[in-house]
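Asks: Chain by chain, the residues run as shown.
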Amino acid sequence: NAGVMQNPRHLVRRRGQEARLRCSPMKGHSHVYWYRQLPEEGLKFMVYLQKENIIDESGMPKERFSAEFPKEGPSILRIQQVVRGDSAAYFCASSGANEQFFGPGTRLTVL
Amino acid sequence: RKEVEQDPGPFNVPEGATVAFNCTYSNSASQSFFWYRQDCRKEPKLLMSVYSSGNEDGRFTAQLNRASQYISLLIRDSKLSDSATYLCVVNGAQAGTALIFGKGTTLSVSS
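Sequences listed follow chains A and B, in order. Heads up, the first sequence is in the numbering used here, so the first residue is 1 and it goes up one at a time. Heads up, the second sequence is in the numbering used here, so the first residue is 1001 and it goes up one at a time.
Think of the hints as simulated: they come from the structure by calculation, not from any bench. Honestly, I wouldn't trust all of these hints.
[Claimed, not checked] Simulated DEER-style distance windows between Cβ atoms:
#1 B:A1020 to A:N53: 37 to 45 angstroms
#2 B:P1014 to A:L111: 38 to 46 angstroms
#3 B:S1052 to A:Q80: 41 to 49 angstroms
#4 B:P1014 to A:K44: 30 to 38 angstroms
From the three backbone atoms N, C-alpha and C, an ideal C-beta is built for every residue, glycine too.
All chains, full assembly: derive it from the sequences and hints.
Replies: Okay, structure coming up:
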C-alpha cells in the first residue's frame, strides 16, 4: 500500500497519560501535515513539517502538543497529559507538491 | 466571517437527481481550491481540484469565481454511493501551506 499510513488507528488513554500518533507519508512525499477533527466539527490544521523541520505550527496548542518528522522514520504527534477535550480524530496528510492525501486517521479517546 | 463557509445541509435527493453545493472563502490571496469527500468516520479523499476555467470529471463539475470568492460543485445523475459529506477546501497564498476546510455539506441520495 503506497498510501499515507497512520497508527494506531484507535488509541484509548486515561487523563494525564501521553498519546503518540505516528504517520508515514506516501512514498516520495516530503511534506507532512497534521489535522484534528473534533466531533461534529471540520478539520483544523495543526502543524506542517518537512524532514527534520517544523515549517508551520500555527495551529498547534502551545502546551502539551509537539510534533516531529525525523530524518528516518515516521512523523510523530505527541500529546502529553491528555485531557478529555483532546478526544478527536487526528489525520495526517502528505504532499509532494500541491495536493494533499490523507491517511486513515487515529481516533483518540481520553477516558 | 468564517474562512470557508458551506451550507451544512443535509441535502436529501433521489437517485438520478442533480445537486449543487456552494462555498465561499474569505482570503482573497488563496491560490488553490479543492473539493474533498468524507465518508462517515473516514479520512477526507480528494474529489477534484478546482480551476478558474472550471473543470469536469465525469458526473462532477467544479467552478471557481475569484471575484466573488465563490466555489461550486455540481453532481449530475446522483448515485447512492455519492452519499457523503463534501468538503470545500482552500489553500494559502503559496504551495505547501495548510489546507483550510469548510465544515462540509452532507448529501444523502436515496433510491
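Asks: Honestly, which of those hints from before does the structure not fit?
Replies: When the structure is compared with the hints, none of them turns out to be violated.
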